[in-house]
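**Student:** Each chain, letter by letter, is given below.
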Amino acid sequence: MTSATSRSAVPPQRSRALIWIRRNMFRSLLDGLMTVVFGTLGLYLLVRSARFVFVNARWEIVEVNFKLLLVGRWPAEHLLRIAVVIVAMAAWGGLIAGWISGRRIRAGLSFSSGSGPGARIADLTRRFGLIFGSVVLMLLLTDTAGPWLMVAGAVVATVLSLMAGRWLGKRPTGSPWLTRGLFLLVFLVPLVLYFYMVDAVPLADWEGFLFNVLAAAAGILLCFPLGVLLALGRRSELPLLKAISVVYIELVRGSPLFVLLLLANVSLEFFVPAAVAPSKVVRAVVTFTVFTAAYLAEIVRGGLQSVPRGQEEAAKSLGLSPFKQTALIVLPQALRNVIPAQIGQFISLFKDTTLAGLALGILDLLDGARVVTQQPDFRGLGLIIETLVFAGFLFWVGSFTMSRESQRLERRLGVGTR
Amino acid sequence: MLETKRALIGLLSVMMLLVAACTSTEGESETTAPATGETVTTGNGGSESTGSMLETVLENDMIRCGTRDALPGFAVLQDDGSHVGFDSDFCRVIAAAVLGDAEKVEHVDLETADRFTALQSGQIDVLVRNTTWTASRDGGEGATFLTVTYYDGQAMMVAADSPYQSVSDMAGSVVCVTKGTTTEGNAAGESARLGLDWEVRPFDDTDLLQEAFLAGQCDGWSSDSSQLVGLRSAYPDGADALRILPEVFSKEPLAPAVLDGDTEWAQVVNWAIMATIQAEEFGITQANVDEMLNSEDTRIRSFLGAEYTDSDGNVTVTDPGLGLPTDFAYQVVKQVGNYGEIFERHLAPLGLERGVNALWVDGGLLYVPPYR
Amino acid sequence: MTTTAGPSARIPFYRDVRVLKWVFQVGVFAVVAAVLYWLWGNYRVNTESSGIPTSFDFLGQPTNFDIPGADFSPQERVQNAYVIGLLNTIRVSVVGIVLATILGILIGIGRLSSNWVVSKLSTVYVEMVRNLPLLVILTFVVLGLVLQAFPRIEDAWTPFGWLVFSNRGMGLPWYQEVSGLSLLVLFAFGIGGWWALARWRHAVSDRTGAPARSGLYGGTFLVISVVTGWLVLGGRIDLPTVDGPRVTGGIGVDPSFFAVLVALVVYTASHIAEIVRGSIQAIPKGQGEAASALALSGFQRMWNVILPQAMRIAIPPLGNQYLNLIKNSSLAAGFAYFDITNVTQITVGNGSPAVPAFTLALMFYVALSLITSVFVNIANRRFKLVER
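Chains as they are written, first to last, in my numbering: chain F, 366 to 783; chain A, 1255 to 1626; chain B, -17 to 370.
Chain F with its partners taken away, still in its complex shape (with noise of 0.2 Å):
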């Protein structure tokens, strides 16, 4: 009796595996080959990078030139300023973020304490465990406190401002002006620490991922205005304001971003007056804005098509004027669902700030890591591979932690569902 029971218990466990293998791996004759053709390619790849990670790669290169490849040529003394917008930056988002939750947990919408602490850092985990891991790795790199304590800092900050931003979202909105005021300190942080920083050195200095990280979110700020006029004049019945709105998207989505950056390095002088001479990272955030107006246009007209005909027939009926109608009920909720399509267009402009590197010859990070292999240390070795590896990398988890919370805003905001 026992010997069956046993018998019976193990190979069950053994064969659920083999089970496994047999239907994900060995279905048929051709599924087998296909498994054994692509196991050994992708085991192959993954011993070659984990040997070239571990073993061959000379990342002494990115160690030596850390600094430059992230902040290009900031002056030394100046780089308490970046620690200190990153902190604060850091608690402006926690502070939104906490806001926004709490707000919700006061509609009812979700719950704080629907899972367990257990659960909740897992999910953090999950969802920010590449960029922290990457945070860290790049820590290992310095070799001074400085950047510990500006991390560690930044950690505090945003627990610290989260909580506060959720407490004050979780009360009963007694007056107006604490939203108000709220709006306002979204609005005037980032201008503030931008004034902080331009004052130590100016933009046209910027340059490293500094720069990739600053011009993306400079275009993708900038643009929104013009964007989003664009978008109400493709829609707009005016056939003169459509007539603008559509020759103006449709040229700019045909040209090609990096031959309006060549163009904006040797031309966009003669469209100014003599005295304004705008420098090179001035030209590339121009350029940017311009560029992504009309994309971010395209994306939010079709949140103005999403928006059912009955929000502007119940707001006409309410006897709102025109303008009333689309700026108090039908953009908001238009940008609402676009917010997902905006972090997608925030995404590739973060990836296609590296083509200002080429074009207009701003040393970027992808510039950085081009130029520091012909330094008479490391020149002629070939150490281009680590240089454009750890670039690629930062490039990468960014992006992908974007695309992945993008993904995530895009199911809770249930666009499409309503």
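Treat the hints with care, since some could be wrong.
[Claimed, not checked] Restricting the straight-line Cα-Cα distance to at most 27 Å, the calculated cross-link-like pairs of lysine-lysine (DSSO-like) are: (1) F:K607 - F:K681; (2) F:K689 - B:K267; (3) F:K607 - B:K3; (4) F:K681 - B:K366; (5) B:K267 - B:K366.
[What the hints assert, rightly or not] Which chain B residues face chain F? A few, computed with CB under 7 Å, are given here: (6) K3; (7) V99; (8) L103; (9) I206; (10) I233; (11) F346; (12) V348.
[To be verified] Here are the simulated distance ranges between beta carbons: (13) B:P133 - A:R1447: 32 to 38 Å; (14) F:Y561 - B:E136: 54 to 60 Å; (15) A:S1416 - F:L395: 47 to 53 Å; (16) B:R134 - F:D508: 25 to 31 Å; (17) B:S187 - F:L395: 43 to 49 Å; (18) B:L2 - F:E442: 53 to 59 Å; (19) F:E442 - B:W139: 51 to 57 Å; (20) F:A517 - A:S1416: 54 to 60 Å.
These aren't lab readings, by the way, just hints derived from the structure by calculation. Every residue, glycine too, gets a C-beta built ideally from N, C-alpha and C.
Knowing the structure of chain F, use the given hints to seat chains A and B on it.
**Tutor:** Using the frame of chain F, we list chains A and B on its own:
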């Protein structure tokens, strides 16, 4: 929900404000940049006043000189942010002549492709970036070229272990050049002239070209011979891995350039450059320039701006009315040196010889109008 | 509120919506026109003050540069260089679109495969490549793959003497030209045969109910007739060889073309794979189950039932990816491939005025984009018509 709406109105009004700013995006964001970046002087281009660039330069008390950052011998950016090289010294020569201080130069690094636009847009006052003087650049790029500082010619560099001994051996080979320069046209022209059927490959920058050359994508590397000497000296496999073929197959007079239509400024820069050549002809060096102030030769004293007695017996100082201080030649030689000294300092260490860049009295091409 | 205003009361013009609409439009138009006029004025002033030409006369000037891999001399006019650049852009785009579509569909299907290894590998590929900047991939292919992993011309790899691999270029076997006309006749004959065969097969199919397979029959006929005809006419295959410093014979693949093509295909395929996956997932599960119930094989289920429906959903986003690929091909300019952007850059470096030259290049891209969207729209309509 009322407060949300109100907040949204606020948000929208902020957005509208931004819109107002954004419809003229181009103008708006540029004007903010120089304003916030007052520490750099790249802002205000010179054409606000209708006067000469000379006034602007004197007003700014600084010369913005278009240069490059990584051409050994001509202009190299040092760790501490300073520029060293033949071209960089000529920027200093202009500053010493005009402003009396050789260090009042802002060296603006330019890419090959946008050097002329920088000049046209007033981003720089003078371009000293080993640029070849050609007719179409004189005509089409709005540049006025001045006295040639270096007579160069295009040459070919090959791997030392390659079988090529002369350019005509290289039939059917792949010749690499950098993009957007006169070298492309010269290489293509030479190939057509000798019937060699070269494949001329232009690369975006020297680094990329060097990678391609190292990997064996090119048989020949063609550029101005002065550049090749510099690039060879910094080659990763060592200078001995490369060989420069004897032929020179183009004329490349490298000259500083200023913007068309400003004769006064052009003359000032021109005479500042020519002073170095004249000084060498007179035998005035950085070391003996103070002695030379008391020279017996009135031509030398006149040149250096010292007092001398003219044929009528009057004690006088020569002022040809160029708009330069009378002692500009003294300042140039004292602070930077004469042509020969500048050459010895930067180009001789690379292995370049004077050749055609010798004084006319020595059989070279350097000949300047007399200073009187 | 409105009761006070009777129907006879005229609305003052400043409250009249029709008037306001036009005033608003004219206002906006005036602002736009003013901005454009301001820019144009600046351009005129700035170019005149520095004596830069603003016309397109430069197109008639000699180029003074050479285009590798093309029959081109430096004495030719700039406009001819533009034509070659445009053709090169089209070439890399067309080949890229075809290959990226094939690879993308395979990987997209692979992600949904029941085979664990295949689906994981596809997922890793898509997530990896999609989130990298194209320029990183392109730099990697140029500097890491073509320059470092490919053999030098002296040690060129020539498997079976049919192919040549080196970092100076690759050679593939290619037909030796017999004559353009005879080839045309052969193709016309083959296509005529295809049409006749297709009619016959459809008739058989209508009569007996057997599968028509007109494409299979017709295609085979076309290939066989063209190949035999060409052999009879004395056609031979031209094999590539290493001839000193270069690869000659056959059809040469320029290393920069290869690098740009690989980067564009790898990058775009990752995006196409996502579109294909999304479209397949959007097909009701019942379709696949019904196909299985009809005892169709896995391939038949995919090829005859699911993919045709999925492609209908996929066409508009696919069109966007094609447009992106065309525009992204401009990056080739940074890596020595003579596309239209590179030609423009070089001609500007050789003295052509920047603004007209780049405007021309932009116009070409806009035109290419418009043409591509027309094709995509046609395809979209056709697929829609097939539906009902």
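**Student:** Next, verify each hint and record whether it holds.
**Tutor:** Hint by hint, here is what the structure shows:
1. F:K607 - F:K681: holds (22 Å)
2. F:K689 - B:K267: Not OK: K689 of chain F and K267 of chain B at ~44 Å, beyond 27 Å, violated.
3. F:K607 - B:K3: holds (13 Å)
4. F:K681 - B:K366: Cα-Cα ~36 Å, so violated.
5. B:K267 - B:K366: Given that 27 Å is the threshold and the Cα spacing comes to 21 Å, the pair holds.
6. K3: holds (6 Å)
7. V99: Because about 5 Å separates V99 of chain B from the closest Cβ in chain F, which is inside the 7 Å limit, the hint holds.
8. L103: holds (5 Å)
9. I206: violated (29 Å)
10. I233: violated (28 Å)
11. F346: violated (10 Å)
12. V348: With a closest approach of 4 Å, the V348 of chain B hint holds.
13. B:P133 - A:R1447: 32 to 38 Å: holds (33 Å)
14. F:Y561 - B:E136: 54 to 60 Å: holds (58 Å)
15. A:S1416 - F:L395: 47 to 53 Å: holds (52 Å)
16. B:R134 - F:D508: 25 to 31 Å: Check failed, 40 Å falls outside 25 to 31 Å.
17. B:S187 - F:L395: 43 to 49 Å: violated (29 Å)
18. B:L2 - F:E442: 53 to 59 Å: Given range 53 to 59 Å: holds, Cβ gap about 57 Å.
19. F:E442 - B:W139: 51 to 57 Å: This hint holds: roughly 54 Å between Cβ atoms.
20. F:A517 - A:S1416: 54 to 60 Å: holds (58 Å)
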